[in-house]
Amino acid sequence: MLEASNLECVRGERRLFAGVGFRLDAGELLSLQGANGAGKTSLLRMLCGLTPPAAGEIRWRGQPIEKLGGEFRAELCYLGHHNAIKEELTPLENLLTSARLSGETLDEDTALDSLETVGLAGREDLACRYLSQGQKRRVALARLVHEQRALWILDEPYVALDVAAVDMVAGFIGAHLQRGGLAVLTTHQPVAVAAGKVRELRLGH
Amino acid sequence: MIALLKTVVARDLRLAMRRQADIVSALFFFIIVVSLFPLGVGPEAELLRRLASGVLWVAALLATMLSLPRLFADDFRDGTLEQMALCPQPLAVAVFGKTLAHWLSSGLPLTLLAPLIGLQFDLPADAVLTLVIGLAIGTPALSAIGAIGAALTLGLRGGGVLLSLLVLPLYIPVLIFGAGAVEATISGLGAEANLSILAALSLGGLFFAPWATAAALRIALE
Amino acid sequence: MSNGLLNWFKYASPQSFYPLAGKMIPWFWALAAIFGVVGLYIGFFVAPTDAQQGEGYRIIFLHVPAAWMSMFIYLVMAFWAAIGLIYKTRLSGMMATALAPTGAMFTFLALWTGAFWGKPMWGAWWVWDARLTSELILFFLYVGFIALQAAIDDPRRADKAGAILALVGVVNIPIIYFSVKWWNTLHQGASVSLTKAPSMAQTMLWGMLVCALAFWMYAIAVALMRVRGIILERERNTEWVRQELAR
Amino acid sequence: MMVWNSFSDFLAMGGYGLYVWGSVGATALLMLAEPIIVARRNSALKTQLQRQFNAERADRGERKARRSQA
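Residue numbers (my numbering), protein chains in the order written: chain B, 1 to 205; chain E, 1 to 222; chain W, 1 to 247; chain A, 1 to 70.
I should point out that these hints are in silico values taken from the structure, not numbers from a laboratory. You may find that some hints are simply not true.
[Said to hold, decoys possible] Each computed PhoX-like pair below joins lysine-lysine, with the alpha-carbon atoms no more than 25 Å apart:
# : chain 1 : residue 1 : chain 2 : residue 2
1 : B       : K67       : W       : K88
2 : A       : K46       : W       : K23
3 : W       : K181      : W       : K119
Could you put together the complete structure from these sequences and hints?
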């Protein structure tokens, strides 16, 4: 269960938002709305523990995330604007490395299966440098296929994806919620997620 | 913990192998800088022999400095650094891995190349041996301390110059004992004392620096 | 004790510190002036002529206090840096930033007076003496700190990055001093070195101590002035600054 | 108590005049210059901020901003 109370974010000297709070239980999705520059990304990074809030507190399973540290991070999967992939490595190498970095066991077959699911069949061993923007995004999203961790924080997961890919990702999220996972995501297009309760949080006026 | 280390080191080495230009350019920089001195100071063997250890060590310092800015810059830009900061183990472990990988792709090649370059300075055999041992022991400290500077100046304009301004003063003890070791061998005093202190500096650096680097990275990622 | 500490921190908010600093500055200037006059009087009118170095040794009344202050200010900077990192109080970071230029100035002064003392005594403007060399490296550390903070736009990140550099620096100072001392004795032996201070007549010691006190009061006064500027700069969007300047 | 018997002796400083007064001069110069620089920078900051506040007040129509701000 993820709970945020009275969160405040200051960027330089501008206060982006203040007094933001919400509660998210298992199987629920929080859809973060707000104009560009309203601080959506900053809020997501705060939930990950990357950016310390100017005020307020974030609790995971009732404990402040600063105290949990590694325990909280072990249950967190964050997908930011960047694809977090290395251009010189192949999709397969990227997927295996990112899994091992986060301490998960991922064997090659499962990885290949994930890449196939996201439509990268045949390009597993091509350096990512030669892939299109959409394909690179798919490499980043391939992590979600077999992702077991409880809390997903996704920043604009649907950007640079065609309609088929958007449905696919919505499917991953739906499956995740059904497994009792939690998800927080920002998106511009309203996307219906198959299962789970959707909560809305609007930032900025 | 060890698995994470292996992953980070393997990943960085694979990346380094795929972008060999960076390693090779740092090595050639080392060769060129060392070769400049005889041209500047004159070819007398006696003088060069006295200068050799200082010149080689200063060149090693500068060559390591060259490859430091890229230690975190690429990962910072493509978002992989964020993912490393979000892995369950402390960030310092991943930083230690990257420091090790940086040493393997910069400090170690320098050390292996030094005897070859040492020939230009007509160093006696035992001095060359001490030089190589000293570089092998000392260069990890250069990578570890340099990583702190790379993390502090991450994403700043003019980061490279600022990096050397921050890090070079901290390199001075390593320079003194590294070059001093060769001096001690040439003058017959024996270099055990210098080399053991150099080893202490490297171990201290490899153990403590990653924590400072991790803290600096977390600040840069805010 | 804990609530005493807590309200001290509450009190140390920039808004309440700004007027307090304003009130304290004149007092520190007064103390600096008094100690300065007394110190110099002792140094130049009371202290006897030195047997070996004649009158030239009187430079120590400026050189030694400046060297002490250059080291002391770096330690105080590292202290405020640590406080800022641990307790996340913004004011401590500002204090560290405010102290750095004064510390660098004293280091430069120590080098300048060291050279002016070395020339008549040892015939060379620059002597690779262990302490002078360490002083030079300390100067680089100060310049590095100031340059790092200048290169970062976001004040919060500048404070934290500077804090880490200051703490790394303060850990390295003894290592640097030890290695330079080793290096110096290896190459030159202890003959040519300033460490052999002249025989410390009682008045000489008092002269140096009082001058050091004067420098210390001076450093506090200048740092408080500079920190007021930094507070205004960083809090310029707040209401209290608007009122403060509207007066 | 008085070490010097004449002012010119004091200036000569036992032959080390250049070095002693060179040090004292540098110290005095720096320790005067620094506070002046800090004070001047602070006041420049204050006037700049006041000008900014006045401009903001003018935008809000409370007061016509005087163009020739002191």
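Against the structure, the hints:
no.: 1; hint: B:K67 with W:K88; in the structure: holds, 16 Å
no.: 2; hint: A:K46 with W:K23; in the structure: holds, 18 Å
no.: 3; hint: W:K181 with W:K119; in the structure: holds, 21 Å
Violation of the numbered hints given earlier is absent; every hint is satisfied by the structure.
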